[in-house]
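> Chain order of the listed sequences is A and B.
If you use the working numbering, the first sequence closes out at 1561, no skipped numbers anywhere.
If you use the working numbering, the second sequence closes out at 360, no skipped numbers anywhere.
Source of the hints: derived by calculation from the structure; they are not laboratory data.
Hints may contain errors.
To be clear about the criterion: a stretch of chain B counts as covered by chain A if any three or more of its residues have a C-beta under 8 angstroms from a C-beta of chain A, and this derived list gives those stretches [as the list claims (entries may be wrong)]:
no., region
1, 69 to 83
2, 119 to 131
3, 135 to 142
4, 246 to 254
5, 262 to 275
Note that the structure is a prediction, hence the values are computed from the model and not measured.
Think of the CB as a built atom: it goes at the ideal place given N, C-alpha and C, for glycine as much as any other residue.
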Amino acid sequence: MFHDLAPQLFNGLVLGAFYAIVAVGLSLIMNLTGTINMAHGSFMTLAGYLAYSMVLRGTSFWFALIAAPLIVVIVGVVIERTLVRPLYKREPFYSLLMTFGLSLMAEEIYRLIWGSAGVPFSPPPALSGAANLGFMSFPTFRIFIAVVLIVAILALAFFLTRTRFGLRLRAAVQDTEMIAALGTNTQLLYAVNFGLGIFLAGIAGVLAGGMLGLSPTSGNALLMPAFVTVIIGGMGSLFGSIVGGLLIGMVISLTTLFIPAASEVSMYILMAVVLLVRPRGLFGEEGIFG
Amino acid sequence: MTARFELIVSVIALALLACAPALSPLVHLDISIVSEVLVTALAVMSVNLLLGYTGLPAFGNAAYFGLGAYGAALSVKYFNVDFFGAVLIGVVAALAGGLILGPFLLRRRGIYFGLLSIAFGQVFYFVAYRYTDVTGGEDGMNFPRPPIGLVHAALNEASFYYLVLVMFALSLLAFRTVVRSPFGRTLIAIRQNETRVRYLGLNTDRFIFVALLISATMAGLGGALFGLLINFAYPLELDWHQSGYFVLMMILGGAGTVWGSLVGAIIYVIGKDILSTVIQSQWQILLGALFVACVLGFPRGIVGTVQALRRGRGGGQQFTDDDVNAAFDPAAPVEVGRGR
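Using the sequences plus the hints, can you model the full thing?
Right, dumping it as structure tokens:
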């Protein structure tokens, strides 16, 4: 059992990186507009299916990895402009309910287009097989996933802290009215921010399709852990979402190894414990979201 | 809603429901569907108390609903209790769920509350899903419908319906009494401005906790009766999708109204029964579209709209007992517009 420990821990980290990147996308949208995007998982699934269809028609995996999320971003921003935007002025549960409706529709639409059974979506030959890391061998594709997700997170951090637009975005989270009064187009901020969250979901969706399989509900399977990630990391904190995601990934993979029956429930137990000790989550900021 | 209008509506509604076993064959409706409407309405009322009246996004009430159903199912299967015993155990299970989750939930408000409700509610889903030996896992569990203990009377669909109707009517009366009591008024005040309520010296956490327990009890009663109705308990009853459907029904019927829950449940349950046989799988697309349309274009719901129309006719002057749903007026998102 213990010689399984190192690969299992690494698996946990990769899984956790998925949770983290989905949770960061959710948090971006939630922090700025108070919208809990229940359709986040559906956007992931869509990106996965699009990439699958592209590869099936002969495009390269590398092209699909970028193109599929970008198409999903366009879909996402159109939805944000037309359906989510009217709800910003209203109570947040309306947008939760609306996006929930969207996810129900999306699930059935995917079923009509791609069938209800899962489809096989395998990584390109260059990434299949296993790499020998010295102390263990590990599937190359998972290492690739880890690298891509880390790069995505670093790029996001750079964007938010080093670019003018990113700074405006963070300022808007603090005080939207003030940043609007200073002459920033907040509607543009909302649209770009939503698109950014969806782009992260899209990348995660393509990679998750290759690692965890692709079915009409596969994205939604990552949604609930992402919610728990946001709660554990603390609402309002992107850094918290990253730490929370990795933590949950490790906890889940360790319980899968040692107590398989508790693998699903373990993250909720972790969440309860964290909330007992720190009611705002690990890095939750005082004053944000009551 | 004036008192006389409400009395007339209540009498007509109860008369119709009382005649339902005779009327429903005329429209090719099984009486068990009408029973399902009533037990679902109980769960919708439980959401309404938290979301419609108190303003807390209760997206986890399916957990209490499912606890009620599993409580009834397990007690019948393993302890051979009678009908009322099963209902009682189901309700107690849901109440216990509320007691456990309450302290976690009531520390937070707004979308944080919603997120916590979804996440914690999901625990029960996985427990039911995983502990296959006891709960039957994904396949769910069958159990026979127990008789009423004292008289050893087996229940057919019609007599089961009347039992459900009596419990529903009592619950509706209790619900109406609660939301119009000083306690219910305080919940509405919390929805409108919790900070001010605190300044008045009221411990709002305590009010919310009690509301949560009432809500869990009500959802548990609905769940236990639902389990006994279909003689079956399955994990999806506990899933957050189910919670979402309850919230949809509440919006559809009218959030923050006494009768809205029943109206929403009638439309949803009967509509689902008819449509899902006609169009099968595309039903879910239609349901999703209904969510989107309701939220964007019909946030007051049916009862809410009727009340707004009546209020408009009366000159919009008087403060009526039931216009909590003014809070759901899309034209007035923040100000609730008391005493305009």
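> Each hint should be assessed against the structure and marked as holding or not.
For each hint, the structure was consulted:
A stretch counts as covered by a chain when three or more of its residues have a beta carbon under 8 angstroms from one of that chain; for the region 69 to 83 of chain B and chain A the count is 4, and the coverage holds. Interface restraint, the region 119 to 131 of chain B with chain A: holds (6 residues with C-beta to C-beta distance below 8 angstroms; minimum three). With 6 residues having a Cβ less than 8 angstroms from any Cβ of chain A, the region 135 to 142 of chain B passes the three-residue criterion, so the hint holds. Against chain A, the region 246 to 254 of chain B contributes 0 residues with a C-beta closer than 8 angstroms to a partner C-beta. That does not satisfy the three-residue criterion, and the hint is violated.
Counting residues of the region 262 to 275 of chain B whose C-beta sits closer than 8 angstroms to any C-beta of chain A gives 4, which meets the bar of three, so the coverage hint holds.
Checked against the numbered hints given earlier, this structure breaks only hint 4.
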